[in-house]
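S.K.: Listed in order, the protein sequences are those of chains B and V.
68 is the number that the numbering used here gives to position 68 of the first sequence; each next residue is one higher, with no gaps.
Start counting at 1 in the second sequence, then tack on 71, and there's your number in the numbering used here.
Simulated from the structure, these hints should not be mistaken for laboratory data.
The C-beta atom is built at its ideal place from N, Cα and C for all residues, glycine as well.
One or more of the hints may lead you astray.
As the list claims (entries may be wrong) - For the chain B half of the interface with chain V, some residues (derived, Cβ under 7 Å), not all of them: (1) 4; (2) 8; (3) 35; (4) 36.
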Amino acid sequence: MAEEIRAEMVANVWKVVASAGDTVSEGDTLVILESMKMEIPVLAESDGTLRELAVNEGDVVQEGDLIAVIE
Amino acid sequence: MTVTSTAADSSIVDHRDPEVRLRAVFDAGSLRLLAPRDDSGVLWARGEIDGTAAIAYATDATRMGGAMGTEGCRHIVDAIDTAVRERVPVLGLWHSGGARLAEGVVALDAVGQVFAAMVRASGRVPQISVVLGPAAGGAAYGPALTDIVVMSGAGRIFVTGPEVVRSVTGEQVDMERLGGPEPHGRRSGVVHVTTKDDDSALVEARKLAALLGRQGRFSPADVPVGDDTDGHDMAAALPAEANRAYDVKPVVKALLDEPGVELHAKWAPNVVTTLGRFAGRTIGVIANNPLRLGGCLDASSAEKAARFVRMCDSLGVPLVVLVDVPGYLPGLGQEWDGVVRRGAKLLHAFAEAVVPRVTLVTRKAYGGAYIAMNSRSLGATAVFAWPSAEVAVMGASAAVNILHRKRLAAAPHDEREALRTELIEEQTRVAGGVNRALEIGVVDDVIKPSETRRRIAEALAGAPAARGAHGNIPL
Chain B
1 MAEEIRAEMV
11 ANVWKVVASA
21 GDTVSEGDTL
31 VILESMKMEI
41 PVLAESDGTL
51 RELAVNEGDV
61 VQEGDLIAVI
71 E
Chain V
72 MTVTSTAADS
82 SIVDHRDPEV
92 RLRAVFDAGS
102 LRLLAPRDDS
112 GVLWARGEID
122 GTAAIAYATD
132 ATRMGGAMGT
142 EGCRHIVDAI
152 DTAVRERVPV
162 LGLWHSGGAR
172 LAEGVVALDA
182 VGQVFAAMVR
192 ASGRVPQISV
202 VLGPAAGGAA
212 YGPALTDIVV
222 MSGAGRIFVT
232 GPEVVRSVTG
242 EQVDMERLGG
252 PEPHGRRSGV
262 VHVTTKDDDS
272 ALVEARKLAA
282 LLGRQGRFSP
292 ADVPVGDDTD
302 GHDMAAALPA
312 EANRAYDVKP
322 VVKALLDEPG
332 VELHAKWAPN
342 VVTTLGRFAG
352 RTIGVIANNP
362 LRLGGCLDAS
372 SAEKAARFVR
382 MCDSLGVPLV
392 VLVDVPGYLP
402 GLGQEWDGVV
412 RRGAKLLHAF
422 AEAVVPRVTL
432 VTRKAYGGAY
442 IAMNSRSLGA
452 TAVFAWPSAE
462 VAVMGASAAV
472 NILHRKRLAA
482 APHDEREALR
492 TELIEEQTRV
502 AGGVNRALEI
512 GVVDDVIKPS
522 ETRRRIAEAL
532 AGAPAARGAH
542 GNIPL
């Protein structure tokens with residue numbers, strides 16, 4: 001089952017760490033966001049393959065925006 | 072009053088059998104039924120959990136889907152009242168479609184009496200619910216009134232079932248999506264602990280009953296200074312960069328003697344609430360989690376923490392508060408979601424709490440969120456900070472932009488950034504760090520990570536044991 005990872009809050013995409021097609025494990029950092037003057041890693045919440053990475057460095061994400069899909 | 076399946080199970084041992092379930096919750100050989108098996112739909116018993124006396128009741132899903140009638144409800148009330156009299160934890164194992172339709176209003180009155188008994192017992196003895204099947208209508212509010220709700224993979228909680236939902240709102244939804252572990256563990260906050268199956272649900276319930284039923288005594292001497300090498304290095308999880316987020320759960324784990332039980336792990340995850348043993352005694356830990364929402368407090372996390380604080384206070388469980396908070400989460404959504412009203416619950420909960428409660432500022436405590444996280448002003452037993460911690464109204468750069476807005480605006484364009492840098496340095500020197508907080512006495516002492524467990528244990532053990540004289544309303 002595909003798991004969608006969405007932004008929890010408004011943030012800037014500071015660094016994109018993983019790429020689509022990567023094999024990821026629970027706890028792996030996918031993207032690092034910047035918000036509230038904090039660098040906040042977005043982690044994989046399950047093991048699988050990163051089917052989609054929906055953001056690029058410099059993007060602004062709103063709460064609820066899709067960041068990644070893990071299968 | 073949703074009717075759930077009453078189909079007979081063909082296997083020899085019916086896993087829905089209430090006696091089988093009660094046997095599994097107690098230590099082997101300790102179960103004693105306190106009423107004969109009958110058609111009431113409820114069975115109750117006494118027994119031991121990890122050597123500690125406890126009472127438990129179970130709805131009988133093999134009879135009318137566990138529906139609650141007059142007799143069954145009387146058994147539940149007896150179980151709860153007995154637990155209060157004997158001052159022991161009471162566990163409820165739930166698998167029930169709600170009130171018995173055939174009995175009509177009489178059954179509603181009986182279910183109401185169960186609710187009243189739960190509220191009478193609230194804050195006096197620990198009440199733990201384990202939801203092992205559908206718990207609908209009246210059987211949904213039963214667990215919801217208790218201190219802690221554990222749900223197995225087969226558990227479902229809803230007021231009205233999928234068919235009624237479909238006929239009224241047109242929404243097509245199954246029982247799992249309506250009220251399974253995912254929605255209640257992550258979205259609604261109804262369930263505190265979710266597990267994959269019945270066995271692990273009962274294991275978690277047993278752990279919680281032992282933590283709350285036999286709390287133990289503090290023994291600070293068992294926490295040597297410099298024991299931070301043996302899995303208790305609280306500072307290890309903190310990144311070198313001050314503005315990098317991290318998961319606080321390893322910090323909580325390093326604080327405790329052994330891993331505890333986290334409540335509401337996936338709901339409002341920006342604050343972590345865990346029950347566990349520390350220096351030999353049960354405590355409650357409340358920690359900001361910078362990994363989620365940067366560790367900001369918001370409406371849901373304040374409410375979650377407030378309920379946890381009130382539960383611990385009512386049951387006499389001391390608190391340790393780990394603070395790393397940038398502030399309250401800004402935004403229209405938060406304001407409309409009642410961050411003021413729901414955030415006020417946390418202020419109220421800490422200010423009224425009489426149990427020993429010690430705060431440790433690990434990295435930063437800013438603004439209103441600083442006050443809310445068991446500050447000196449709200450009556451903390453002790454407030455400690457690590458040497459690199461910062462206690463302030465806000466971060467230095469944000470403060471400069473507000474305090475010196477006019478001066479910055481008036482400065483020539485090419486000098487503005489240099490002036491800003493200079494002002495930030497001065498602001499950091501005057502108001503940054505932890506020294507000012509120490510001077511005015513809102514931080515008692517700056518302590519090293521290696522002595523942290525010992526100092527917290529001594530502070531908790533040195534405070535008079537007390538217990539809040541209030542119930543635990545499910546905030």
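S.K.: Does each hint hold? Answer for all of them.
M.R.: Taking the hints in turn, this is what the structure says about them:
A least Cβ separation of about 13 Å between residue 4 of chain B and chain V goes past the 7 Å threshold, and the interface hint is therefore violated. For the restraint placing residue 8 of chain B at the interface with chain V, the shortest Cβ-Cβ distance is roughly 6 Å, inside the 7 Å limit, so the hint holds. The interface hint given for residue 35 of chain B is met, as the beta carbon of that residue sits about 6 Å from the closest beta carbon of chain V, less than 7 Å. Annotation: interface hint on residue 36 of chain B holds; nearest CB of chain V at approximately 4 Å, less than 7 Å.
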